[in-house]
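Here is how the chains run, residue by residue.
There are 2 protein chains.
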Amino acid sequence: MVQAARADAQRNRELLLGAARDAFAAHGTDASLRDVARSAGVGIGTLYRHFPTREALLEALLDSNFEELRAGAEELLGSPREPQDALHAWLTALAAGARTYVGLPESIMAALADENSKLHASCAAMRASCARLLDRAQKAGTVRSGVTASEVIALAIGLAWAAQQPGAPPDSMARLLSTAMHGLAVPG
Amino acid sequence: MVQAARADAQRNRELLLGAARDAFAAHGTDASLRDVARSAGVGIGTLYRHFPTREALLEALLDSNFEELRAGAEELLGSPREPQDALHAWLTALAAGARTYVGLPESIMAALADENSKLHASCAAMRASCARLLDRAQKAGTVRSGVTASEVIALAIGLAWAAQQPGAPPDSMARLLSTAMHGLAVPG
Numbered sequence: 001m002v003q004a005a006r007a008d009a010q011r012n013r014e015l016l017l018g019a020a021r022d023a024f025a026a027h028g029t030d031a032s033l034r035d036v037a038r039s040a041g042v043g044i045g046t047l048y049r050h051f052p053t054r055e056a057l058l059e060a061l062l063d064s065n066f067e068e069l070r071a072g073a074e075e076l077l078g079s080p081r082e083p084q085d086a087l088h089a090w091l092t093a094l095a096a097g098a099r100t101y102v103g104l105p106e107s108i109m110a111a112l113a114d115e116n117s118k119l120h121a122s123c124a125a126m127r128a129s130c131a132r133l134l135d136r137a138q139k140a141g142t143v144r145s146g147v148t149a150s151e152v153i154a155l156a157i158g159l160a161w162a163a164q165q166p167g168a169p170p171d172s173m174a175r176l177l178s179t180a181m182h183g184l185a186v187p188g
Numbered sequence: 001m002v003q004a005a006r007a008d009a010q011r012n013r014e015l016l017l018g019a020a021r022d023a024f025a026a027h028g029t030d031a032s033l034r035d036v037a038r039s040a041g042v043g044i045g046t047l048y049r050h051f052p053t054r055e056a057l058l059e060a061l062l063d064s065n066f067e068e069l070r071a072g073a074e075e076l077l078g079s080p081r082e083p084q085d086a087l088h089a090w091l092t093a094l095a096a097g098a099r100t101y102v103g104l105p106e107s108i109m110a111a112l113a114d115e116n117s118k119l120h121a122s123c124a125a126m127r128a129s130c131a132r133l134l135d136r137a138q139k140a141g142t143v144r145s146g147v148t149a150s151e152v153i154a155l156a157i158g159l160a161w162a163a164q165q166p167g168a169p170p171d172s173m174a175r176l177l178s179t180a181m182h183g184l185a186v187p188g
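Sequence lines, in order, name chains A and B.
Reading the first sequence from the start, the letters are residues 1 to 188 in this note's numbering.
Reading the second sequence from the start, the letters are residues 1 to 188 in this note's numbering.
Isolated chain A, as found in the complex (with noise of 0.2 angstroms):
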């Protein structure tokens, strides 16, 4: 019984994360929270016993966002593709969930450079599996050495902030992230 309660449990959270990532996404991070609680079929106070605070329900989508990303690194990094290939896969998908919503180039550096965040250590993993990837495309030799993985992860969250601007055209992220790919790569 204690166990059925706490799979509801996670299952509701996991409800309540996939409807605010939605709802920030296309309302801001200003979204009804009621709005989330009814998409994720659940009463508001269910989700206030998940996250006491707007700020919580934050944190936590990013901290399962660099939870996602860290997998994602690890599974390309167990995948037969092309080093540089699978860097510009992960990179895309970096700046892709950094876009989704106003604010989260900003909390994402933030995260990064701030040791006692509590997204650090989920941060800090991610930011771990990027060098991994990275190490194995400078190994190859088709990426540039001496770049580091805060820089190619501040590139992409830089050019994903840029992307986010209103004007820019919707095709600029994956044509910026193409040009910052050509920079990192051994010419020849």
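Heads up, some of the hints might be wrong.
Said to hold, decoys possible - Just so you have them, the derived chain B footprint on chain A, three or more residues with Cβ under 8 angstroms:
#1 87 to 93
#2 108 to 115
#3 173 to 185
What the hints contain is simulated information worked out from the structure, not anything from laboratory work.
Virtual Cβ for every residue (Gly too), placed ideally from N, Cα, C.
Please arrange chain B on chain A, whose structure you already have, making use of the hints.
Coordinates of chain B only, in the frame set by chain A:
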């Protein structure tokens, strides 16, 4: 007499803009306007005569920034520098200016996108100068064709934004921009 008064007013305006730029760089755009007037050596009344609101002052600052960038591009176009180097120098100036204070990268991107902005004319002139620098480097065969002026500007401003985030190492702007320049280069 009228001319002397006009020259005086023009001089005060420039002193105020210089003082505001320094104050916003040091203390953010909430910096005290009384301190700005004091640094410029004028009374607060003179400041408000030139700039009725803080927004008007920020707008004038941005306008003069765009004009300087346009003039800088023209100067580079007339210099004997390599076209690719000239573009790199100009993007460095753009990015350095863009990170002067928090919120400036956003304002620049907004001015570029909004055709109804008061800043649109100076912004478009700045972009046109960038296009001439870019075109020259593309014709020289050292910078990739198919990249637009809007894209290289978005690239530089995105990296300026990233380099402005807390925790970014002091040399990150130069390093990120160097990667971007490698990305713009025709390989080989």
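Going down the list of hints, with the structure as the test:
1. 87 to 93: As far as the segment 87 to 93 of chain A goes, the hint is violated, because 0 residues have Cβ atoms under 8 angstroms from chain B.
2. 108 to 115: Holds, because 5 residues of the segment 108 to 115 of chain A bring their Cβ atoms closer than 8 angstroms to Cβ atoms of chain B.
3. 173 to 185: Coverage by chain B holds here, the residue count being 9 at a Cβ distance below 8 angstroms.
Of the numbered hints given earlier, the model fails hint 1 alone.
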